[in-house]
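Generate the whole structure from the sequences, applying the supplied hints.
Sequence lines, in order, name chains A and B.
Its first residue numbered 1, the first sequence is counted upward by one per residue in the working numbering.
Its first residue numbered 1, the second sequence is counted upward by one per residue in the working numbering.
To be clear, the hints were calculated from the coordinates, so they are not data collected in a lab.
One or more of the hints may lead you astray.
In silico DSSO-like cross-links for lysine-lysine, where the CA-CA straight-line distance does not exceed 27 Å [what the hints assert, rightly or not]: (1) Lys-79/B - Lys-79/A; (2) Lys-79/B - Lys-81/A; (3) Lys-81/B - Lys-79/A.
All values reported here derive from a predicted model rather than from experimental measurement.
2 protein chains.
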Amino acid sequence: MITPYIGYLAAILGTICWLPQAWKAWATRDTAGLSLVSNLMFLLTVLLWFGYGLLIGDWPLILANFCAILIVLSIVAAKLKFG
Amino acid sequence: MITPYIGYLAAILGTICWLPQAWKAWATRDTAGLSLVSNLMFLLTVLLWFGYGLLIGDWPLILANFCAILIVLSIVAAKLKFG
Numbered sequence: 001m002i003t004p005y006i007g008y009l010a011a012i013l014g015t016i017c018w019l020p021q022a023w024k025a026w027a028t029r030d031t032a033g034l035s036l037v038s039n040l041m042f043l044l045t046v047l048l049w050f051g052y053g054l055l056i057g058d059w060p061l062i063l064a065n066f067c068a069i070l071i072v073l074s075i076v077a078a079k080l081k082f083g
Numbered sequence: 001m002i003t004p005y006i007g008y009l010a011a012i013l014g015t016i017c018w019l020p021q022a023w024k025a026w027a028t029r030d031t032a033g034l035s036l037v038s039n040l041m042f043l044l045t046v047l048l049w050f051g052y053g054l055l056i057g058d059w060p061l062i063l064a065n066f067c068a069i070l071i072v073l074s075i076v077a078a079k080l081k082f083g
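Next up, the structure:
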């Protein structure tokens, strides 16, 4: 069955998908169109998933969301710096 | 135990967190700073989670990602329209 692989692919893609946004924000310094509220809510989301992963001891959840926290933090930082 | 509630909260927040971004994109028409690549990858991510939910018959996953697909589609549409 390919079902678990669809889950793994979604988890990996969901972790790395904001890398181009982080890169673009720092490269262009054009963050006016980014919603700070959305990105802060998303940061809280990945922090909650990270905490949930720790509580249930699920390493894929912990690792994926640790990476996501770093990426989203860099987007929030760019938004706060460039406005 | 509060553990499952942390998971539910993360799932709900992860579904609605892009609503302010969608609103902002259509209201300001300023989408220059949005990464099309990131948003297309994220659209594929929520489509994969939706398909995964269907395959394992998980209704929370199906419903959350159906809502996310609509929200992310509207962000991608704004980006394609306003550039």
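_Under the constraints set out in the numbered hints, which ones does this structure not fulfil?_
none
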